[in-house]
Every structure is written in C-alpha cells, then in structure tokens.
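S.K.: Below are the chains, spelled out letter by letter.
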Amino acid sequence: MARNGDAPPDDVAVILTTEGPHGPVIHAANRAARLAGAMIGARVVDARAVCADLRVEYADLAGDAAALRRLMLWARRWCPWSVVDGADGLILETTGADHLFGGEAAMLTDMETCLSGLGLGAQLAVAPTWGAAWALARHGPVRAICAEEGIAPALAPLPVDGLRLKGDTLLLLRRLGLKTIGAIAQVPRLSLTRRFARADLAANPLMRLDQAMGHLAEPVASRDAAPRIIARTRLPEPIQDPTAYVPDLCRDLCHQLARQGLGCRRLHLTVYRTDGEISRIEAATAAPTRDADHLHRLFEGKLERINPGFGFDLITLEAGVVEALELTQTRLDGKAEEDLHLPRLIDRLSARFGAQAVQSPALRASHVPERAEIRIPALHMHGAGAEATPRERPVRLLHPPEEVRVLYAVPEGPPVQFIWRRQTHRVARYAGPERIAPEWWRDRPGTRLRDYFKVEDQSGKRLWIYREGLHDDGRGGDPRWFVHGMFA
Amino acid sequence: MQCKTALTSGYRQKRWFAGSQSQFCTLSEAFPATPTDAGAVGFVLSSLPRQRAPVLWVQDWLSQKEAGRPYLPGMTTRQVIQVDLSRPVDVLLAMEEGLRCTALAAVVGEIWGDPPVLDFTATKRLALRAEHHQVPCWLIRRAASPDLSAARNRWRVTSLPSLPHPEDARAPGAPRWQAELFRARHRPPGTWIATYDRAADRVDLSAAIRDGAVAESDGAQWRRAAR
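So the protein lines, in turn, are chains X and B.
Quick note on numbering: numbering that gives the first Met the number 0 labels position 197 of the first sequence as 196, and the sequence is numbered without any gaps.
Quick note on numbering: numbering that gives the first Met the number 0 labels position 190 of the second sequence as 189, and the sequence is numbered without any gaps.
It should be emphasised that the hints constitute simulated quantities derived from the structure, not laboratory data.
Hints should not be assumed to be uniformly reliable.
As the list claims (entries may be wrong) - Here are the simulated EDC-like cross-link-like pairs (lysine to aspartate or glutamate), alpha carbons at most 16 Å apart as the crow flies: (1) B:Lys64 x X:Glu281; (2) B:Lys123 x B:Glu166; (3) B:Lys64 x X:Glu401; (4) X:Lys178 x X:Asp167; (5) X:Lys301 x X:Glu281; (6) X:Lys165 x X:Asp109.
Predicted model only: the values in this text are computed from it and were never measured.
All chains, full assembly: derive it from the sequences and hints.
M.R.: And the structure:
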C-alpha cells in the first residue's frame, strides 16, 4: 500500500523490504520492479544483481496493518459488514447492498473510483464465497463478477495459488502436476481426503476448495468500530459565546461515559459556525475521569480562544481518548471525598498554564549533573526512576551554568578568589575535586571534562563550582570556571 | 553570662517540626539574606513533613533565573511536581489550587521581590486555605521587604559557616543556618542556630549564643527565701 502522499512514479522500480533470516528480503514490489525481475520473497541483493537501479524502501508492516484497519471501517460506506483479510485484503459482505449503487458492476466501479481518490489501487471481485472472491480478485479478470452457479467454471482456469494454501503445499501440488484449480476439482475426493487427512485448513486443498465452492461455510465476522462518545447542542439561532452551554454538554457526556463504564483522557469542544468553518479547543486529563464539574473547569479561561466569527449554531463535546474507569468505594460511610485529587490538580494546572509548565522531575542514571534529572510533563507522570546518587548534590541548580572571573588561581584546587555576579567570593574551605568525564556516547568530540568543587565562601555561602577542562588536554585554551549550583 | 537552651535534642526538634502539626500546616514565609543564598531552601526542605507524597513547587520566572531550579538529586528523594510560571499572580493562583489538594505533602512557592499582587489579602487567602485543608505552605521571598503579610510564621534565614568536617579539616561539613523567627502567631519569636544532619535528615535548633540580660531585681527575694 502506498504511503500517503509520496507514491513514486510508475516507471521507477521500487521494492519494499523486510528483514529475513539472511538479510533483507522483498516484501512488495511495484509493477516496474516486477517487470524488471524482482520477485516477492527473493533477497534484495539478488534483485539488485538483476536490476541495478532498484529503489529500496523499508516496509512499515505495523503502519500498513493500522491503515488497513482504518480502511476496513471506511469501506462500510458500501455495506454494513466488513473485515480485514490477511495483510493486504478486505472482505465486504455486500449481499443486499449492491442495488443501492445500481448493481454489482456499478458498485465495483464506484469502489475503484473512491479508492483511487485515496491514492490506492485495488483489484476487485464479487463472488458468493470468500474463497472464490479471494481467488478471482488476485488471479481472475478485472472486476470479475461471479454468480452462485458460475463458481466452478470461473475458478477452473485459475492457478492453485488462488486457494489460499501454504507454500509447501503449493510446491507439493505443483510437483504432482496439479496447476489449476480445475485440475484439483477433477481429482476424486476420496484420494484427496486420504492424502490430506491430517493437514490443517491452510494446508488442505480439499477444504479450501470446499470453502471456495460454498460447500463449507466461512462467515464474515465483522468488527464494529467503537461508537463515538459525543454530546451535541443545537441552537435555534447563532450565538457568539458557548459558556452557558458547556456545563450541560459536560453533564451529558459524563452520563454517556458512565453508562459504558468509561472515563475520558482527551476532550474536544467544537463549534460549527454559520459560515461553514469550525473552531475547536482541546483539554487533556492525567487520569480517566467522568466528573462533569472537573471537565467543565478544564475549559475555564480557554473558551475565549474560540473564534466565533458571525456566530455558531451547533456545539459538540467529544471524548477523544477513552479508557475503562471502574467505580470504587473509598470510604466506609458511603460519603464522597470532597478533596481535590492529585490527577485533577495536575489537569487543572496543565489546562491553565500549558502542559510544558507543569513538570515532574525524575532521576536518571547519569553522572553529568544536568542529565541526572529528566523533566517530564506531569500529565505523563509515572513511577520512580533511577536510584539517587550517594554523593552530595546541591539543592539548586543553575541552568545554564554561570561563568565566574577568577582573581587569584592556584595550581591545585579551586580559585582562592573569584567574582560571580559582581561580588567577590573568597574561598574559605572546599571539598573536591570530583571529576566528571563527558559521556562519549552522547557528547560531541570536543567536550571537556569537569572538576567539581564544593566551596564555602567567607560568609558561609556554599556553592558548587567546576573547572571545565585541563591546561594540557588539547581541547581549547585555558580552562574556565563556572558556578553550577548552590548547596543548602 | 552565656545562655544555651535545651532545644538541641532530637526529641524537642521533633515536637517543633512534626508534633505540632496544626501549627505547621499553615502559611510560613522565609526570607533569604541574599538571593543566591540557598540556606532558606534547605531550611524549608528540612521542615517539610516526611512523607512520600509529592511536593508542589511553584516558581516565577525571575526566581528561576536568579536562584536556579530545585534539583531533585540534591533533595532527600522526594517526589516533586514543579510548575514554572512567568508572573507572580500565576504563582499565587497555582498555590491556591494546590492547597485544595490534600494528597500533597506541602506547597512551596517562590516569588521574587514585592509584586503588588502579593498583598495582605493574597497571603490571608493562602493561610486560610492551608489551615482549612491542613497542607503546609511555604513562601520563599527573595529580594523582598518583609512588609504587611498574613503569614503565621516569618523566618529570616542566613547561611553560616558550616561545622567542621569530621574527616577533612579543609572541607565544609554539615550546614548551619541562622534562623530568625521575627514574627510568629503561636509562639514567641526568637533566633536560633540551625544545624542540619544530612544522614538523619534532621535539623537541630539551638539558641544563638549571646550575652543574656542581667536580672533587674537586686536578689532580695532569694535572700529572704534562704533565711
């Protein structure tokens, strides 16, 4: 399936590869590549030897599967039941639906038009059974249509690959000289049954043939999309300010969520303007919730960001991401807790000041001080990180470190006097050095090591200063001194 | 004549900082002597309740630029939720929201200077909320003048030269601060020398060493009692 928007031109030979046991193998190839000699399942180096100007891309299998699932739901416009078939197929149960599009042929044309509008090529077939449709779509004529009584003649000239069999079974049939489905159908059932008595479905030509002919049932197990949880308010005439309607929308949404035992993590408030535009604002929560008052407060101060234009007459509130939320009783006397819970506090602060302003620092295994602490938005807070270092660390850290002017340096230890923020500090006592080397796997090659000292000046102020580099390390000029933090 | 008080024992310290919970679950202010002096931060950290619950730490922009950020490896493994804001009015708003949440161990705010929004009303709101929900609240005010405020305890904290290091004579040892309680609601004000024991995560307060006042009476009652 072509990636969205950047499909290569038809005359360029492109293959998609996956990792095989002996290097990359071809997962898919376009028409130009197939004509040039690239075979699906062959190794990429072999294909390169045949065709030198082959463009090689990596296949995104998970992305393809997700896109196919979405396409399966999208295809419900033609019929109510659809299901994903393997890695590259869709099965639509169109029984009783084709007359809405003017017959089966017109429906297939409509499908091909709509799919090409999405940038997708498709091979389509209509047949009474899953197996027959599978074979006709892949190996049959263009837009094949096959009726109940015409299955056997339609399938007879197709190769045995159309029976959805495994590779070694196909090899066996080819060695037996059975090349078409018609040839298999002419073999007496008794001998086929005896030969493949213990084979499972994917290796059993007789069962696959029965499925294709309709002798063995193969129902379509359609999966439904989760229904959208959405609350709407239609207004008799356009208004400019949605504030008065938000509490009711929140209550309605929470009622729907409670009925299904869900809680929402994302909220989208959308207004539909009279001039055809829409305007929306969003809110997020740190834990699933269905408390109407809480959801209402998340929109406080944000409703002004809606651009009302000349007014709007429809407001919707949709739960974007939902998670299961069970009710638990926390108190024996049956009363509710009136306190504000921690996730709700985080929601409110994040909604008001932005998710980046509310952070939760966590420890990380690194000796470089600024990397020993990682800041993650509190909305995505999780448990404890790495262990704290046993060495003494300051309670405050300056970001970035501030350079000091050294007045009186000595060969070893920290400077005796230095000026920081226009004040002269005289070092009375010090502890150190603690040498922290750059992390070669992360830092750039020229990064210098640091020697950290804990110094105490004449007034009792305790600072964490460091010298960047050594005199003779060949990575720049004289070492410089920085203040990096303050001890308590 | 020198006076050394009995507030040195760990038992007394415990009563001061943890036992009298109702006195400490209120608004307190700490004024560092200079903006870069982290002694006040250490003093506030050491007086927070020892729980695994998170601390909400709110800073305005100037405090963060001038005095740095709280550094988690340097604190005694606490969970912190840090809020970086630009305006003092936002800091007060976030603190008020945080004080409604009893799942927090404490709320600490840092405000630079004397912004007009930090007036008596704002501090009164913070104090009442802290007392109602029983969440300790601290306000660290750098480059500020201690004018009208509803804070129940107001401290002035200055770093002092530290104790001698037990193993290295040249190195600074356990930190010491001069903690001056210049306004308090529930107890008489005073000045103490606070010594912080990092291993035990404990503060020992001892009275500042100074010359005591000479008794005003001439001692006649003692002579009468002896007779």
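S.K.: The structure should be examined with respect to each hint, and the outcome stated for every one.
M.R.: Right, here's what the structure says about each hint:
1. Distance check on the hinted pair: Lys64 of chain B and Glu281 of chain X sit about 31 Å apart at the alpha-carbon level, beyond 16 Å; violated.
2. Between Lys123 of chain B and Glu166 of chain B the CA atoms are separated by roughly 47 Å; this puts the pair beyond 16 Å, and the hint is violated.
3. For the hint pairing Lys64 of chain B with Glu401 of chain X, the CA-to-CA distance comes to about 11 Å; that is within 16 Å, so the pair holds.
4. For the suggested pair Lys178 of chain X and Asp167 of chain X, the alpha carbons sit about 14 Å apart, so the restraint of at most 16 Å is met.
5. Note on Lys301 of chain X and Glu281 of chain X: the hinted pairing holds, with a Cα-Cα distance of about 9 Å set against a maximum of 16 Å.
6. A C-alpha spacing of about 33 Å is found between Lys165 of chain X and Asp109 of chain X, which places the hinted pair above 16 Å, so the restraint is violated.
The structure fails hints 1, 2 and 6 (numbered hints given earlier, in ascending order).
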